[in-house]
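With the hints as a guide, bring both chains together as one complex.
The chain contents come next:
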Amino acid sequence: MQRFLIRCLAAVPGLGVALLPVVVFAADTGAVAPQYRILTFLVFGAIIGLTLYITFWAAKYTHSTAEFYAAGRTVSGLQNGWAIAGDYLSAASFLGIAGLVSLNGYDGFMYSVGFLVAFITVLLVIAEPCRNIGKYTLGDILAFRNNRRTAKTVAAFSTITVSTFYLIAQMVGGGVLVKTLIGIDYEVSVVVVGVLMLSYVVFGGMKATTWVQIVKAALLVLASTLLVFFVWAPYGFSMPAFLTAVVSDEKVIGRVAKLLGDSASNMTPAQLGQRFLEPGLLLKDPLDQLSLGMALVLGTAGLPHILMRFFTVPTAQAARKSVIWAMIIIGGFYVLTLFLGLGAAINVGAAKISAFDKGGNMAAPLLAQFVGGGADSILGNLFLAFVAAVAFATIVAVVAGLVLASASAMAHDIYVGVIRGDHATPEEQVRAARISALIVGVVSIGLGIMAKGQNVAHLVGLAFAVAASSNLPAVVMTLYWKRCNTGGVVLGMVVGAVTAIGLVMVSPNMTYPLEKIAAANNVLQEDQALLTTALAPARQAEMSKNIEKLSKEISAAQDELKKYEGQTTSLVGLQAPIFMMKNPGIVSIPAGFLCVIIGSLLFRDKRAEEMWDELYVRQNTGLQAESSASH
Amino acid sequence: MADQKINWAAIDNDPEFQELHRKKTRFLWTLMVISMIYYFMLPIMAAYFPELFKIKVWGPMNVGLLFALSEFAVAGAIAVIYAQRANQEFDTMAREIISRAHRLKG
Chain A
1 MQRFLIRCLA AVPGLGVALL PVVVFAADTG AVAPQYRILT FLVFGAIIGL TLYITFWAAK
61 YTHSTAEFYA AGRTVSGLQN GWAIAGDYLS AASFLGIAGL VSLNGYDGFM YSVGFLVAFI
121 TVLLVIAEPC RNIGKYTLGD ILAFRNNRRT AKTVAAFSTI TVSTFYLIAQ MVGGGVLVKT
181 LIGIDYEVSV VVVGVLMLSY VVFGGMKATT WVQIVKAALL VLASTLLVFF VWAPYGFSMP
241 AFLTAVVSDE KVIGRVAKLL GDSASNMTPA QLGQRFLEPG LLLKDPLDQL SLGMALVLGT
301 AGLPHILMRF FTVPTAQAAR KSVIWAMIII GGFYVLTLFL GLGAAINVGA AKISAFDKGG
361 NMAAPLLAQF VGGGADSILG NLFLAFVAAV AFATIVAVVA GLVLASASAM AHDIYVGVIR
421 GDHATPEEQV RAARISALIV GVVSIGLGIM AKGQNVAHLV GLAFAVAASS NLPAVVMTLY
481 WKRCNTGGVV LGMVVGAVTA IGLVMVSPNM TYPLEKIAAA NNVLQEDQAL LTTALAPARQ
541 AEMSKNIEKL SKEISAAQDE LKKYEGQTTS LVGLQAPIFM MKNPGIVSIP AGFLCVIIGS
601 LLFRDKRAEE MWDELYVRQN TGLQAESSAS H
Chain B
1 MADQKINWAA IDNDPEFQEL HRKKTRFLWT LMVISMIYYF MLPIMAAYFP ELFKIKVWGP
61 MNVGLLFALS EFAVAGAIAV IYAQRANQEF DTMAREIISR AHRLKG
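Quick mapping for you: the protein sequence lines, in order, are chains A and B. My numbering applies: residue 1 is where the first sequence begins, and numbers increase by one. My numbering applies: residue 1 is where the second sequence begins, and numbers increase by one.
Calculated directly from the structure, the hints in this document are not laboratory data. Possibly wrong hints are sitting among the right ones.
Below, computed lysine to aspartate or glutamate pairings styled on DMTMM-like, alpha-carbon distance capped at 25 Å [what the hints assert, rightly or not]: (1) K135/A x E427/A; (2) K482/A x E515/A; (3) K54/B x D285/A; (4) K23/B x D613/A; (5) K23/B x E609/A; (6) K606/A x D14/B; (7) K24/B x E609/A; (8) K258/A x D12/B; (9) K251/A x E548/A; (10) K606/A x D12/B; (11) K452/A x E187/A; (12) K135/A x D91/B; (13) K56/B x D249/A; (14) K24/B x E610/A; (15) K482/A x D91/B; (16) K482/A x E16/B; (17) K321/A x E51/B; (18) K135/A x D12/B; (19) K54/B x D288/A; (20) K54/B x D613/A.
Which residues of chain B face chain A? A few of them, derived with a C-beta cut under 7 Å, are [what the hints assert, rightly or not]: (21) A9; (22) L28; (23) M32; (24) F53; (25) K54; (26) M61; (27) L65; (28) A73; (29) A77; (30) I81.
Nothing here was measured: the structure is a model prediction, and the numbers come from that model. We put the CB at the ideal spot given by N, CA and C, even for glycine.
Chain B extracted, bound-state conformation (with noise of 0.2 Å):
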């Protein structure tokens, strides 16, 4: 194993992992928050404004169902942004800290 090689702290205290990581703390923790919010609101709603749920919209379709089908196209989406996001920016920064760690070793 090469993991005494490493110099682990070194890279936590590097300015561009700092910044992964401030990024990507915000990030999650933001689209976290939201999903919960988005989904506990569906149990809460039907509990405390079923009359808004049993407005009508599109001939038996009501606002409560539209509701819950909407659950599943924010949780598609969410999962969406999060790997675009993920793909595109962490894992090239990733990819950039790893490269410098290797460096340092050698």
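Only chain A is shown next, with the shape it has when bound in the complex (with noise of 0.2 Å):
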């Protein structure tokens, strides 16, 4: 069996080679200029040739459950705050926050406060009992004094509903990430990230999974550095000197008026500028703030594929030491952030980033090319390529994370602990996770293929409240409250994760037909007057730019109209959304817990309460907690 593995594992490369030929003929856009494109392949192919070494090698230690879910509990503190790091700095934050902070300044950053905030509950709260309580799973830590089938069951599925969701955000992002920078196609992109992730996960387990971690977020915070050193090096590192420059650009300037429209007519140049470094210029609703603030800074803490880092680690002690290295790393990563971000809005600028992508994404890959020389210069080019390269790897390690913490609530905590009562072999065990990372994987592929197109963005959000939601109550719950129990635990997480689940499905984030139409009737209103006036035959030469701007506008919003015609309500048969908050973390949050508290006190459970003192004893000395494997 191994050896057919190992076999399989070596033929990867030549897949992956084989891939190429297509993959080239295929592109026809994107940020790379085609004759620059085979530079972004080298790169790729050595980063991704990197990645399956780790794998071949890390194969040849995995063979049992220990060793596939938890790299035999060997990896150091510091190894493992990189692989948290790896495994949490997901292309949204890369990409995404850097995007945010050129298009939007201030409010970009203080979005990304909440990402490093949330490893303090980690850290104070879940880390080390987690580590000293279970062994590889959520579900070990609920079905600790709970009733073992039932914690298991409700574990797992909402283990694998908050890891799904964060799984198509991650793949159809790395689809189009990848379209929008080599051009190529979407498809091709989402099954090569399959089938990579899938080698990873399937043959090396925990130890590849954590490695490729490793190096991605190493590759991540290098380039990230060296991106920042030549964009602050031109003001002598010097923070005054440097965001001077940012208020007094005219580029920035430009995007704070049209961000600002009608109000910026009586604001002075100077202080349009500075308005770039002050709040309110993206977040508008300060509810929906403090509920999103919640979900992440809760979330985090529930998230099962962070949560399974922890018992990667030999001890508690470890664990500890991992979390205050992530947070070394991450905090360290999204500072740089910031640079990148003012460092794109200033050498790029606003415009430039949003006709690659609306949402940003491309800032810190196009400040790349630029800070190299620029699209026409084999440096920006290369430098391009690689940040493009690490983007890349970005998306599939955290992918190979979500698929490992998938597939061992499905092969550990369903298969093993529901199905077969605890009573599996461990060449068994490890057959079965195998296969359900391969199942997990093939449907992942295809739901990312499915959903081409979709406006995801709101589902990492959705991730990070149902976590915090669902997960988080029933951990902190089960390992600190006395009374706690299957009930609570039960109760808590499918109300939890049903209401932040409903609360998405009526809030704005839906798509509303009805107001699509009326938008887009309005700009046909609007644009036509205004085609008119500009199609005068005094004013054609001076309207000329305008013309054609308005031309597109029309056409975009003809578009729209024609693609909702006829539907009146959304996918779940509502005119306009009922809950007005974008994040349902204030309400689903609170309602998690209550609910823990409700069904604890409602269903008596004699076993939780006498497993209480060993629980808690255990959480908090490692006594007889798991202990690394012996070679």
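Set out below in structure tokens:
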């Protein structure tokens, strides 16, 4: 079996090479000019080759369940810190936040703070107890004092739900990203991401996934540091000088004027530039921000693929150390994104960035191209290729972590725990884990392709919201409240998850055809009136630029009308949103906690209370915690 | 498995374990509350006191930007404070409790 696996693995690089010609021919658009595309593939090839070598090496050590799910619990605190950073810094945070800063200034940076503060919750309440109590999964923690089968079933469902939302967002985001960067077809890139990720997980398990994440995090930090160095160096690494350049930049002033619209008319250019460093250009509704903040800060601690990382270290002390390292890396990285975003705003400009991608995801790659010497230079394109390859590695590594978490819930919790009642031979368990990974991987490739063109940006927020409303209350109450029991865990997890998902289904995140049609009609009316005046013979010359822009807007509005023709309601049959916030956390998180309490009080459970002494002593002392594998 | 040999209730009633529990609980939740308050001050101030955030202090650097950067410093400080205390005090207390538990068992 093992030899067969390794032989399959050796064939994978061959598969990658076989795909390349197809990919090159499919390429027609993208940020990288065609003559430099070969550079991109060389850098991509080098990074993919390195990760496959790691997998090949890790596969030799992956025989037991502890090795497959937890890398034999031999990962050091420092290594795990890098791996957590690798797991957490998705393309959304690398490219997305740099983009948000480049387009909206201060608010983009404010958005990133919550992602770091989240690790305080992980450090103080989650990491060490989970290492001391758990084995491989969220289900193991919840099953400790609650009814094993019930707790494992609910935990597995929640794990798969959260991971799937996150995964679809990554797959779709990744596919779009690779297409924008180098023009590879969306479907091809989803399949390539899927096949690579599957080879890491199926053959190398947690050991390969961990090292792929470490390599990717290191590359990400290296790329960002280099970029910031080149962006900041012209200003002698002075903060005021750099910020002065930002606020006096014409592109920045123009961007702020555009964002503010009419209210910008009575502001001086200096005021407009300074406004870029002040809050309120992107985030408008404070309650919505609080809601998102709660979901981020409490949700991270409930993300199954982050929880799982704490089972890979030998002790609770190492788990603690790994969170500290992760915070240093992640925090440092987000400070760098401030410079990346502002650097892109002055060197590339919001207009060019949003021309490639409205969300700003191209800010960092385009900045790399600029820093290296521009779109026509070899160095500029090499640097762009490097950043693009790092972004690609980021997607693959994050997806691998998510698939591993889902597969462990399916194999370890559902198959071994619930169906087989914990009676399965070690060989059978590892086989179940590999088969589950394969199933999850293939399904996620399918979902990724099916979700093409869908707006999936809110799915990451939803994943955090479900984790914060379902997983976190269950884990925290199980660990810290004596009366907590199976009834509470089940009620809390189900109500928390259903509330979070339900509220998003009736929120402004969904598409409401009537609103879209009204907006498109509005644009048509206004633009057609403008176009008539612009087309007047006397003004045609001076308005020629506007004519082009107006006709573009008009045809886009007409496409919208055609798209939504005859539709009146959203996916769930609503004409307009009922719940006005984009993030459900502020309602669903308290609901989750409340239902754990209500459920626990309604259904008494003797075992849960009897196990409390053992759980509490073990989580605080590490007595009888799962030890690391000895070879 | 040697599970049955350890008397969990006895350890739980051990005054030293209760002391560890008390100290740890108070310390952890204090830090947690401080960090949450400090974090949520950022969006709240940005939304309700934007004029304060606009005051320039160092070239174009304003209070808002400094406050956002200070979030990183405060998160780091809380992590370091926790790790120090856990490494020095909680780990030592836990080790003593464990060694006593093993003696009781033997």
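Right, here's what the structure says about each hint:
no. : hint            : verdict
1   : K135/A x E427/A : holds, 18 Å
2   : K482/A x E515/A : violated, 50 Å
3   : K54/B x D285/A  : holds, 19 Å
4   : K23/B x D613/A  : holds, 18 Å
5   : K23/B x E609/A  : holds, 23 Å
6   : K606/A x D14/B  : holds, 23 Å
7   : K24/B x E609/A  : holds, 22 Å
8   : K258/A x D12/B  : violated, 64 Å
9   : K251/A x E548/A : holds, 21 Å
10  : K606/A x D12/B  : holds, 18 Å
11  : K452/A x E187/A : holds, 8 Å
12  : K135/A x D91/B  : holds, 21 Å
13  : K56/B x D249/A  : holds, 18 Å
14  : K24/B x E610/A  : holds, 22 Å
15  : K482/A x D91/B  : holds, 23 Å
16  : K482/A x E16/B  : holds, 20 Å
17  : K321/A x E51/B  : violated, 40 Å
18  : K135/A x D12/B  : holds, 23 Å
19  : K54/B x D288/A  : holds, 22 Å
20  : K54/B x D613/A  : violated, 53 Å
21  : A9              : holds, 5 Å
22  : L28             : holds, 5 Å
23  : M32             : holds, 5 Å
24  : F53             : holds, 6 Å
25  : K54             : holds, 5 Å
26  : M61             : holds, 6 Å
27  : L65             : holds, 6 Å
28  : A73             : violated, 9 Å
29  : A77             : violated, 11 Å
30  : I81             : violated, 11 Å
Checked against the numbered hints above, the structure violates hints 2, 8, 17, 20, 28, 29 and 30; every other hint is satisfied.
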